[in-house]
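Take the sequences, apply the hints, and build the full model.
Quick mapping for you: the protein sequence lines, in order, are chains E, Z and D. First residue of the first sequence: 2, per this note's numbering; consecutive thereafter. First residue of the second sequence: 16, per this note's numbering; consecutive thereafter. First residue of the third sequence: 464, per this note's numbering; consecutive thereafter.
In short, the hints are calculated from the structure, not lab data. Idealized CB from N, CA, C, for every residue including glycine. Hints should not be assumed to be uniformly reliable.
FRET-style restraints, in silico, Cβ to Cβ [claimed, not checked]: (1) E:Pro47 to D:Phe574: 39 to 47 Å; (2) E:Val246 to D:Pro664: 57 to 65 Å; (3) Z:Gln106 to E:Val126: 27 to 35 Å; (4) E:Tyr121 to Z:Glu332: 35 to 43 Å; (5) D:Tyr509 to Z:Gly206: 40 to 48 Å.
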Amino acid sequence: MKRLGNAPLGTFSLKTRTNRVLLLLFLAAVAACMLGPSLGNTMLSPLEVIRAMAGDGEGANEFIVMNSRMPRTLVSILVGAALGVSGALLQGVVRNPLAAPDIIGVTGGASVAAVAFLTYTSGSVSIGWLPGAAVTGALVVASLTYSLAWKKGVTPIRLVLIGIGIAAVMSALTTFMIVVSSKVTASSAYLWLTGSIYGASWEDIFAMLPVVLVLTPAALLLAGSLNAQQFGDDTASGLGVRIQVHRFILLFISVVLAGTAVAAAGAIGFVGLIAPHIARTLIGRTFGPVIAASAFVGGLLLFGADLAARTIFYPVDVPAGVFTAAVGAPFFLFLLYRNRNHF
Amino acid sequence: MKTLVRMIPLLFLLLAAACGTEEDETSGEASGSEGDGGSGAEETRTVEHAMGETEIEGTPEKVVTLYQGANDTAAALGIEPIGIVESWTEQPVYKYLRDDLEGTEIVGQETQPNLEKIAEMDPDVIISTITRHEDIYEDLSAIAPTVVGQEVYEWKETLGLMGRTLDMQDEADQLLADYNERVDTFKEKMGDELPMEASITNFRADHARIFYMGFAGRVLDDAGFERPEGHANPDEWGIKLSSKESIPEADAEVIFNFNSGTETEQIEQTYEEWTSHPLWQELEAVQNDQVHMVKEETWNAGGGVIAANRMVDDLYEIFDVEEE
Amino acid sequence: MTVLQDRKGFVLLLLCTGLLLAFAASLVFGQTPITMEQAAQSFLSYNDDSTEHIVVRSDRLPRAVIASVTGASLAVAGALMQALTRNPLASPSIFGINQGAIFTVVIGVVFFSASSLLSLMGLAFAGAAVAAVIVYFLGSIGRDGLTPVKIVLAGAAISALFQSYTQGILVLDEAGLQDVLFWLAGSVSGRTLEMLLPLLPFIITALAASLLIGRAVNLLVTGDDIAKGMGQHVAALKAFMGVLIVFLAGSSVAVIGAVGFIGLVIPHIARFFAGNDYRWLLPYAALLGAVLLTAADVVARLLIMPQEVPIGVMTAIIGGPFFVFIARKGVSSV
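Laid out in structure tokens, this is it:
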């Protein structure tokens, strides 16, 4: 299992259950990519999808496939994967399965920046800067949390608690801006806070893709350290893990993943919390596989939420964030109950 | 880049080898519709709008409007769009527009109109607003030539933009001229009573709002009303008040009040509480019996030339001015 | 012993004075300039032609009363929670009570057009209780039982859960969102005494009961084993405290919406004066909570006149850093 981090797919053995599950998840993600462009209010056959991609689609098909369903499918999978990995790393670092980027303030920082952008620069600055503002917000707040938690090193407990305190302040600032802003701004801000894949573009994909493709393997390289950290700081240091350095790198990866995800899709909640739980249920508790599985599960989860978002209330396009909580939360409670003896 | 864009999903489908030859003639889609014979070979006009310039061919017939003000303006121009966005209250269409927009299909909400549905309608032109659709301008442009209006409450801009876009400049000018004439007549007949100081209030379930220079503020300005100090700032939408102590902020010679269209019991209750408050009773407008109930749809939410005229109707009626 | 008692009695007196001052400030400061004298006269010889008298009686008095009553309730609820869970970070908002109550009320308002005060309060209680139970349950499962970090995380997760439900409903119902903005943010202004009155008997009973169980709580915090040995019905006491907490916190959120951190911060300040003696800590907390919320309300109305900062925003901006401070200090002891 240990070699999973860097082993190319071709060489990995299907003898272990873990690898079989991972392969299944990977295939499910590929299937989602293939089905995503077909599924919608107007169903398209795979042949029609391919013709549309080749620029030979009938009527609106080319637009539907190339401008709507394809970007939405890929962005939802990438954002979900980024959030899933981010959550898995965070839960590993703080050694608690209730942590997530939206709970310890990373998403909160992005939200303050985004809502401030919508409230105070509306019309005067191109909306293209909104993702940049969101990422900056996430990074600033994460650094603040990290430095406040620093006291001859960062302990998981301090990190979580300080993150929650900061998250509360961020949420108060967001609330304040929504309360004083106009109705038009407030509804845009609320939409952003709920999170939506609507309007996903190829630019979003090109922004997300390198981040996910570089940082997920990077996280896998540190999976061994995460496994050691689960025994506590003393044991981990005893095993020769440079705990503070690794912790910093893991947190950094987690924050950047969550930040870019939120920048692309708004403050989508719960994916980062739930995906790792589902991953652990499927695959056990070793971090390498859990990280990889969280990516797939997160991607599939958000793909499903967005599919629901764009079809259930058609023609009304509902923000996907509505569905991640509605579907994910009860399941999350169930998993917590089931795994109650594991934390 | 476009080729690359097309390649990536194909890679996902593991079908990369299959295509790659027939890429050439498709790249024109986003930038215009040269081959589209739908509206005849008439001249091409360039329309300037909030996000640049768009080429419009001939007289577009299939129109999609993506904000309330554009829905309203389309109806005023005598056009029935093939697609409109849902209204905020009185869903799916504001009652005052229902006769005109009866058979029109809904393409979703103003904040997130359904792109696939719009694409399937194959419109000739899309009317959007920078307030809501800045982010999806490119997608919309890929469906059809798209023009972008200013902030939603700038109804004259909307009218002008739609006149130019739909090749109905004369009709649009006429609507504006009619409106101007009506407000001029109003001002003339009101004589010395104007300028009168007016404020606009709105009650919600747990607070009250005073509107400054939104849609209604602009029309009142045209009609010769003055605004209390601070209310005339065009950059401020208004304020939300939670304390009844702030009631004097609404002080003016006349108050136009609309309760939000949903008319729930709680809103009624807030309205009762605030208006029975002694400070409310002390307001000049209240003392002179000059508090007038108006409709949110036409005074705030509609945001088009019909709504503006309905506001003027209200003014004529309220001040008992004879219309010619 | 008597010296110590005197000192504690002195602090109590000091806090009462503080409450009087905060109350007076709440009557005097605001958009309409009002002097102390006018405020006094509005009670002694009310003149309904005087704007100042009207403002004091109809607007400022209700909010001062509401702020002090809910402030006291939240603070006592927080102190009881910290004792019950032996966790210095426990408090109503951390336990998800605010978001739970908000969720049920929003459901009631949006889907069932609930508008009678009674039904809203009932909903708020139900939501508060459900959230508290889930969090308590989540926090206590697992091998090492009820650790502070687990409780806080469980609370944050459950809050986030209810919050995203609420958000999901309101993002689809724009008019509903616009209607409950201030309540969502937590606000004492614009509330009438009529909203508080039906709850007042319950709140007062619950507050009084809390003050009476101080000795029992003292035994509880020294450890269940000792308490058992001394013949206490620990389970019954805990259940009783749970009921008190839900009552105090639930009724507060029903009246003023999501106001957090009072229940977290105040017990710590009270502990600074009273040590871990709940016979004194609870009354201190009640008074301090009243003072802090009333004072915060005064500041909230002065910052951006004529608009107001919602009080829930104020308390979070004060309380968040305080929470961070406690977390940095370490959470091992109550």
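Cross-check of the supplied hints:
Here the CB-CB span from E:Pro47 to D:Phe574 is close to 41 Å, well matched to the stated 39 to 47 Å. Hint check: E:Val246 to D:Pro664, Cβ distance near 60 Å, so the stated range 57 to 65 Å holds. Here the CB-CB span from Z:Gln106 to E:Val126 is close to 32 Å, well matched to the stated 27 to 35 Å. Checked against the hint of 35 to 43 Å, the C-beta distance between E:Tyr121 and Z:Glu332 comes to roughly 39 Å, which is consistent with it.
As the Cβ distance of D:Tyr509 to Z:Gly206 is approximately 44 Å, the hint placing it in 40 to 48 Å holds.
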